[in-house]
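Chemist: One letter stands for each residue in the lines below.
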Amino acid sequence: MIRSEVLKSLVPVISDQLVVCNIGLPSQELHLLDDQPSNFYMLGTMGLASSIGLGLALVQPQKVIAIDGDGSVLTNFGTLPTIANNVADNFILLIIDNGSYGSTGDQPTYAGKKTSLAAVATACGCERVVECQAEDAAATVQAALDAAQMTIIVCKCESGNIKVPVIDKDPVVIRERFMDEVRKRNA
Amino acid sequence: MSVNEQIVADLVSNEVSFVTTVPCKQLAGVIAGIEASSDIFHIPSNKEDEGMGLCAGAWMGGKRAAIIMQNTAIGVTINTLATLIQYYHIPLPMLISYRGELGEPVACQVEMAVHTKALLAQMNIPTYHFHHPDDVHELDAILKYCYMCKKPVAILTDASFWKGAV
Numbered sequence: 147m148i149r150s151e152v153l154k155s156l157v158p159v160i161s162d163q164l165v166v167c168n169i170g171l172p173s174q175e176l177h178l179l180d181d182q183p184s185n186f187y188m189l190g191t192m193g194l195a196s197s198i199g200l201g202l203a204l205v206q207p208q209k210v211i212a213i214d215g216d217g218s219v220l221t222n223f224g225t226l227p228t229i230a231n232n233v234a235d236n237f238i239l240l241i242i243d244n245g246s247y248g249s250t251g252d253q254p255t256y257a258g259k260k261t262s263l264a265a266v267a268t269a270c271g272c273e274r275v276v277e278c279q280a281e282d283a284a285a286t287v288q289a290a291l292d293a294a295q296m297t298i299i300v301c302k303c304e305s306g307n308i309k310v311p312v313i314d315k316d317p318v319v320i321r322e323r324f325m326d327e328v329r330k331r332n333a
Numbered sequence: 027m028s029v030n031e032q033i034v035a036d037l038v039s040n041e042v043s044f045v046t047t048v049p050c051k052q053l054a055g056v057i058a059g060i061e062a063s064s065d066i067f068h069i070p071s072n073k074e075d076e077g078m079g080l081c082a083g084a085w086m087g088g089k090r091a092a093i094i095m096q097n098t099a100i101g102v103t104i105n106t107l108a109t110l111i112q113y114y115h116i117p118l119p120m121l122i123s124y125r126g127e128l129g130e131p132v133a134c135q136v137e138m139a140v141h142t143k144a145l146l147a148q149m150n151i152p153t154y155h156f157h158h159p160d161d162v163h164e165l166d167a168i169l170k171y172c173y174m175c176k177k178p179v180a181i182l183t184d185a186s187f188w189k190g191a192v
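So the sequences go chain by chain: A and B.
If you're matching positions, the first sequence starts at 147 in the working numbering and goes up one per residue.
If you're matching positions, the second sequence starts at 27 in the working numbering and goes up one per residue.
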């Protein structure tokens with residue numbers, strides 16, 4: 147399975163959750179598969195999906211799923227100690243690890259070589275770290291939602307992309323729509 | 027009231043309840059004040075762009091957020107300021123230790139100091155420079171201005187200003 151197939155399998159599980167989605171193809175694929183007001187799409191700023199997701203999870207009680215990639219986590223490695231040391235049990239970081247920089251032409255990342263992101267997350271102090279295969283992504287995310295304990299999921303999948311259109315929504319529209327949804331759920 | 031106490035008081039009275047910090051020697055007192063405040067959730071960042079992501083998330087979750095960092099971080103965060111904070115219209119007060127100004131003992135700090143205001147100007151970021159301890163009295167209005175216009179706003183605080191930090 148490639149990332150877009152993983153996302154497709156996740157739709158029934160995450161469709162009604164607050165989702166902060168990584169820059170580039172992951173956001174474009176999620177937007178194409180299941181656009182929701184509860185999705186915050188990153189149009190730029192590689193690496194910060196996990197930080198935005200954690201900030202959001204820390205200040206309000208709704209569950210938050212940050213969908214990140216191996217390349218983006220490598221870019222913002224400092225996020226893992228911050229997550230580990232500021233536990234938000236309503237936070238799930240889902241790292242879809244295809245071992246490559248998918249949005250830029252599938253150049254290999256170190257996560258596809260010797261570096262284990264699950265081991266790094268554990269070493270950083272994250273207490274619930276689950277590594278799964280692509281086929282088990284939906285069940286693993288559902289289990290994390292049910293566990294009500296902060297969870298880092300490293301979902302291993304194959305490298306590869308489908309053709310998807312860019313997101314032409316205005317960033318302020320995406321952000322306002324998302325904030326309205328957050329407000330509504332916390333009302 | 028010391029400038030440190032005044033800064034924490036102004037953050038609290040403006041309902042800033044989520045503050046991320048990357049330390050600087052000049053900021054030690056205010057960071058300690060924030061850590062001690064029961065009205066502010068303090069979350070140290072490893073890097074300033076990460077901190078801006080945390081602030082963006084907290085603000086979208088309904089809390090006012092701010093970042094405290096050194097001016098060298100302007101070099102780290104240009105992309106995040108442009109493509110996250112400015113692009114999505116997110117308010118972000120940045121209380122910035124302005125190293126490399128008069129009284130600076132470390133020559134290398136001057137190398138980023140000479141670029142700091144030019145970079146902020148290039149980014150069209152409203153910028154205030156606190157030079158005297160009394161300048162702290164503008165902070166309340168700057169915070170209100172920042173949340174009104176939903177922009178990043180820079181408050182540069184130099185060594186002369188921090189002489190009031192006792």
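Just so you know, these hints were derived from the structure itself, not from any lab.
Just so it is clear, the structure is predicted and the values come from calculations on it, not from any experiment.
Among the hints, a few may not be true.
[To be verified] Result set (DSSO-like, lysine-lysine): computed pairs, CA atoms no more than 30 Å apart in a straight line:
| no. | chain 1 | residue 1 | chain 2 | residue 2 |
| --- | --- | --- | --- | --- |
| 1 | A | K209 | B | K89 |
| 2 | B | K176 | A | K209 |
| 3 | B | K170 | A | K330 |
| 4 | A | K209 | A | K315 |
| 5 | A | K330 | A | K154 |
| 6 | A | K209 | A | K154 |
| 7 | B | K51 | A | K315 |
| 8 | A | K209 | B | K51 |
| 9 | B | K51 | A | K330 |
| 10 | A | K259 | A | K154 |
| 11 | A | K315 | B | K176 |
| 12 | A | K330 | B | K189 |
| 13 | B | K177 | A | K330 |
| 14 | A | K309 | A | K154 |
| 15 | A | K315 | B | K177 |
Chemist: Each hint should be assessed against the structure and marked as holding or not.
Modeler: Results for each hint:
1. For the hint linking K209(A) to K89(B), the alpha-carbon distance of about 16 Å falls within 30 Å, and the restraint holds.
2. Restraint check for K176(B) and K209(A): the C-alpha separation of about 26 Å stays at or below 30 Å, so the hint holds.
3. Taken as a hint, the K170(B) and K330(A) pair is honoured in the structure, with Cα atoms around 25 Å apart against an allowance of 30 Å.
4. Between the alpha carbons of K209(A) and K315(A) the distance comes to roughly 25 Å, so the proposed pair stays at or under 30 Å and holds.
5. The straight-line distance between the Cα atoms of K330(A) and K154(A) is roughly 26 Å, inside the 30 Å bound, and the hint therefore holds.
6. With a C-alpha separation of about 20 Å, the suggested pair K209(A) and K154(A) falls inside the 30 Å cut-off, and the hint holds.
7. For the hint linking K51(B) to K315(A), the alpha-carbon distance of about 43 Å lies beyond 30 Å, and the restraint is violated.
8. In summary, the hint linking K209(A) to K51(B) is not supported, as the alpha carbons are separated by about 37 Å, beyond the 30 Å threshold.
9. Between K51(B) and K330(A) the alpha-carbon distance is near 42 Å, which puts this suggested pair outside the 30 Å criterion.
10. Pair hint K259(A) plus K154(A) holds up; C-alpha atoms about 26 Å apart against a cutoff of 30 Å.
11. Between the alpha carbons of K315(A) and K176(B) the distance comes to roughly 19 Å, so the proposed pair stays at or under 30 Å and holds.
12. With a CA separation close to 46 Å, the supplied pair K330(A) and K189(B) exceeds the 30 Å bound.
13. Proposed proximity of K177(B) and K330(A) is supported: the alpha carbons are some 24 Å apart, at most 30 Å.
14. Using a Cα cut-off of 30 Å, the hinted pair K309(A) and K154(A) holds, with the two alpha carbons roughly 14 Å apart.
15. Pair hint K315(A) plus K177(B) holds up; C-alpha atoms about 20 Å apart against a cutoff of 30 Å.
The structure shown violates the earlier hints numbered 7, 8, 9, 12.
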